[in-house]
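Asker: Each protein sequence line maps, in turn, to chains A and B.
The opening position of the first sequence corresponds to residue 14 in my numbering, with each subsequent residue numbered one higher.
The opening position of the second sequence corresponds to residue 1039 in my numbering, with each subsequent residue numbered one higher.
Hint data in this document are derived by calculation from the structure and do not stem from the laboratory.
It should be emphasised that the depicted structure is a prediction, and the values quoted were computed from it without experimental measurement.
Just to be clear, a hint being listed does not mean it is correct.
Coverage of chain A stretches by chain B, computed from C-beta distances (three or more under 8 Å per stretch; other residues unrestricted) [claimed, not checked]:
| no. | region |
| --- | --- |
| 1 | 54 to 61 |
| 2 | 66 to 75 |
Per label pair, the in silico range of CB-to-CB distance [unchecked claim]:
| no. | chain 1 | residue 1 | chain 2 | residue 2 | range |
| --- | --- | --- | --- | --- | --- |
| 3 | B | Val1079 | A | Gln85 | 56 to 66 Å |
| 4 | B | Asp1080 | A | Glu73 | 56 to 66 Å |
| 5 | A | Arg27 | B | Glu1046 | 31 to 41 Å |
| 6 | A | Asp32 | B | Lys1054 | 34 to 44 Å |
| 7 | B | His1126 | A | Glu73 | 32 to 42 Å |
| 8 | A | Asp72 | B | Gln1138 | 29 to 39 Å |
| 9 | B | Gly1105 | A | Asn17 | 38 to 48 Å |
Computed list of chain B residues with no C-beta within reach of chain A, every gap over 10 Å [as the list claims (entries may be wrong)]:
| no. | residue |
| --- | --- |
| 10 | Ser1043 |
| 11 | Phe1067 |
| 12 | Gly1091 |
| 13 | Gly1108 |
| 14 | Glu1140 |
We treat Cβ as the ideally placed atom computed from N, Cα and C, and that holds for glycine.
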Amino acid sequence: MYQNILDSITPVFRDVFDDPSLILTNELSANDVENWDSLNHITLIVELEALTGLTLSTDELVNLKNVGDFAQLLADKGYRG
Amino acid sequence: MDSYSFAELSVGMTSKRSYLFSEQRVETFSSLVEDKAPVHVDESFAIGQGFEGRIVHGLFVQAIVSGMLGNEIPGPESVINSISMKMHRPVLIGQLVNYQVEITAVTPSVAAVSLSFSGMVDEMIVMSGKALCSFL
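Can you make the complete structure from the sequences, with help from the hints?
Answerer: Rendered as structure tokens:
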């Protein structure tokens, strides 16, 4: 589901979390990534907004539980990867 | 000192500061970080390496930006998430560096501010970089 989006955002995740082998799946969450702390989360969102050209809101982000939810949000806002 | 809330910050806002890298300040920094590399403390060595004199530690040149980020924009309610810098030319002891920090992006969803910064000696750029800060 939304594989194009996952492929597109994978380099950002790998760079932010300093893990060149990180594989994005819909189920992947902050609990699964060692360096996914609050500071890196901010960097991640800033870089992803820059990549996609989208402007996200705090309300949109607060309920996201995993990468799949995030890909769904990007798709809902028109991003196709 | 101006202090801004996140909502008051916008792309294009700038802050400026001049800083003199005096011999005393450089010696203090050298002691604090325990960097006594001869290019910083030995005039004849530095000249022998092709410099006009002893040069200031690159991270000292960058460190002044920390004060600008913390005191001006984004201000005291922010922290640095990441920062990168390039040294374009050496800064010699006794030179005055004129700094400018500018907001390049604001990301409300995570209360983050992206900035670029640069340092000039006379009309010559000596350093530049980027920073990402977030509000507490």
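Asker: Within 56 to 66 Å: is that where the Cβ-Cβ distance between Val1079(B) and Gln85(A) falls?
Answerer: About 58 Å separates the Cβ atoms of Val1079(B) and Gln85(A), which means 56 to 66 Å holds.
Asker: Beyond 10 Å from every Cβ of chain A: is that where the Cβ of Glu1140(B) lies?
Answerer: The claim stands: Glu1140(B) keeps its Cβ more than 10 Å from every Cβ of chain A (closest is about 16 Å).
Asker: Do Arg27(A) and Glu1046(B) keep their Cβ atoms within the hinted range of 31 to 41 Å?
Answerer: Cβ of Arg27(A) to Cβ of Glu1046(B): about 35 Å, so the range 31 to 41 Å holds.
Asker: Lying within 34 to 44 Å: is that true of the beta-carbon distance Asp32(A) to Lys1054(B)?
Answerer: holds, 39 Å
Asker: The output says Phe1067(B) does not contact chain A. Does that hold with a beta carbon cutoff of 10 Å?
Answerer: holds, 26 Å
Asker: Is the coverage entry for the region 66 to 75 of chain A by chain B consistent with the three-residue Cβ rule at 8 Å?
Answerer: holds (count 6)
Asker: Can we confirm that no CB of chain A comes within 10 Å of the CB of Gly1108(B)?
Answerer: holds, 16 Å
Asker: Do the beta carbons of His1126(B) and Glu73(A) sit within 32 to 42 Å of each other?
Answerer: Holds, since His1126(B) and Glu73(A) (Cβ atoms, about 40 Å apart) stay within the stated range.
Asker: Quick one: see if chain B covers the region 54 to 61 of chain A, three-plus residues with Cβ-Cβ under 8 Å.
Answerer: Answer holds; 5 residues pass the 8 Å Cβ test.
Asker: Taking the minimum C-beta separation from Ser1043(B) to chain A, is that value above 10 Å?
Answerer: holds, 15 Å
Asker: Against the range 38 to 48 Å, how does the distance between the Cβ atoms of Gly1105(B) and Asn17(A) compare: consistent or not?
Answerer: holds, 44 Å
Asker: Is the gap between the beta carbons of Asp72(A) and Gln1138(B) within 29 to 39 Å?
Answerer: At 35 Å between Cβs, range holds.
Hint violations for this structure: none, all hints satisfied.
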